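Chains as they are written, first to last, in my numbering: chain W, 1 to 264; chain E, 1 to 280.
It cannot be assumed that every hint is accurate.
[Stated by the list, open to error] A few chain E residues facing chain W, derived, Cβ under 8 Å:
(1) 82
(2) 134
(3) 237
(4) 259
Simulated from the structure, these hints should not be mistaken for lab results.
As the structure is a computational prediction, the values presented were derived from the model and not from experiment.
Where is the CB? At the ideal position from N, CA and C, for every residue including glycine.
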Amino acid sequence: MLLAGRSLSVAMMVFGFLFLLGPILIVVVSSFTSASYLTFPPTEYSVRWYAEVFSLSWFTRSIVSSFVIAIIATAISAVVGILVARALARGTFKAKALVELVVLTPLLLPVIVLGFALFNILVYFALEGNNFVNLIGGHVLITVPFVVRSVWSAMAGTDISLEEASLGLGAPPFVTFMNVVLPMARPGIVSGGILAFTYSFNDVSLSIFLTGPSATTLPVQMMSHIEYSADPTPAAISTIMLTITLVIFVITSRTVGLKIFAEK
Amino acid sequence: MPMSSTQRDWALSLPAFVIVGLLAVIPALMLFVSAFTSPDIEGFTLANFDKLWNSKLATQAFWRTIRVALSVTVITIILGYPLAIGFLRANARLQPVLLTLLVFPLMVSVVVRAYGWIVVLSPSGILNQTLLAMGLVSEPVEILHTEYAVILGESQLLLPYMVLSLIASLQKADSNLEEASMSLGANPVTTFFRIVVPVSVPGLLTGTLLVFALALTAFATPLLLGGGRTPLLTTLIYTFAFTTFDWSAAAAVGLILIVLALVFVALQRWVGAKVLKSYE
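So that you can see chain W by itself, here it is in the shape it has in the complex (with noise of 0.2 Å):
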């Protein structure tokens, strides 16, 4: 009976994981065929369509474009991100009810709302031309939170007597900014950059209002071409897109460990 028990349970967790990674792990598989439609297992092995990806204009436009949106967004999310978790989670001022509530709202909206939201006022202002720009701005707003969330927690566990220490020995407090806060602050800071940097290079819901002519991504580009194409190209960019993916998980099992990504 008790055998009986451990042995249902077991196997409900394989079928709990192969639901959870068959479908990734079967298009991994099925992208290196040779044959013009998705088989699995393929018959025959090639890498056709890895060759034939590489030779499409809009997948090297888009992915670089996805790496140059999102390193951007990043950095700027990051320098507005711990320069606001400063303020709160040292500051003392009135308002910071106010911010904290303004600053984390794109984590309490929709996504899909935020994306409408803001494409509505860009086309009233008759800016939605500018893709670029517009997908930058939109990048910072959706992974600021995540910066701010992590440097504020990370800063709010250091001890205040070192900056106290630092100043107190003459330091200006830029340079203790620089010197002390920064360094102490930095798990938080890693962990808030590479949330940000992945949010931003996924992002679908936000994206697909700011895309267009000038400037698209590569999650956007590849979710249209879906809907139009019935051969392994799609399955290709999913394998490329892993392991991207796959090169970020190392770098955060490496630094700051792979929970960060569990909190929602």
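Got chain W sorted already, so can you dock chain E onto it with the hints?
Leaving out everything else, chain E in the frame of chain W:
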């Protein structure tokens, strides 16, 4: 003149405050206004909501959204317990591997995860190839672009959140209780419902609220797996914005989603403050 501490705090807060204020708070307020105005009517009006109320498409999308979110929550609970219990029973060497397998999918693009289901479920996909080869069906089963595909895709998307919430609360429970129950002759099913479930209530509650809220607001997965034939509230905004160009209706749907999302934020806070306290 040196800055006062209030001035310094404001100077530090200002860049983020202005960016989020301009790009999120003001657009959200404008959305609120356009949901209650209509190009044909002067002043504020409920016409947009009235139109949604009388539209079969919109009411169906509303109930479908609720139905999908409920189904996804139930499926993640059913699949979540064995995964959480399995994780806690695994030895110290296996646990990091299992945690990796749970968290890695959360980092993978939702488009990639939805595409996995397209490959499995499409008429010429792996599932239908297998069913046809085994002679179980004579023509491909249509699952893709139905509500079932959306439910499957969102369940896979959100399962890790449920498992992690359950692990967090089961970790605190005493595993001796389970052994005691079994050695006193209770069978595994009784032990599960009388011992495991009660101690995991806090995790079950937080997991349920989180999964339900995220299921309500998921967008890419229902768009790719449900297609145009099975709209949800989120995909309806997109359709209104880019296919029918009815931006007042899109704003009204957006406002409904904001209200639903805020109700869940309030519920999460309330459960966090009141219900979970009683378990400590």
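The hints, checked one at a time:
{"no.": "1", "hint": "82", "result": "4 Å, holds"}
{"no.": "2", "hint": "134", "result": "15 Å, violated"}
{"no.": "3", "hint": "237", "result": "5 Å, holds"}
{"no.": "4", "hint": "259", "result": "10 Å, violated"}
Hints 2, 4 from the list above are not met by this structure, while the remaining hints are.
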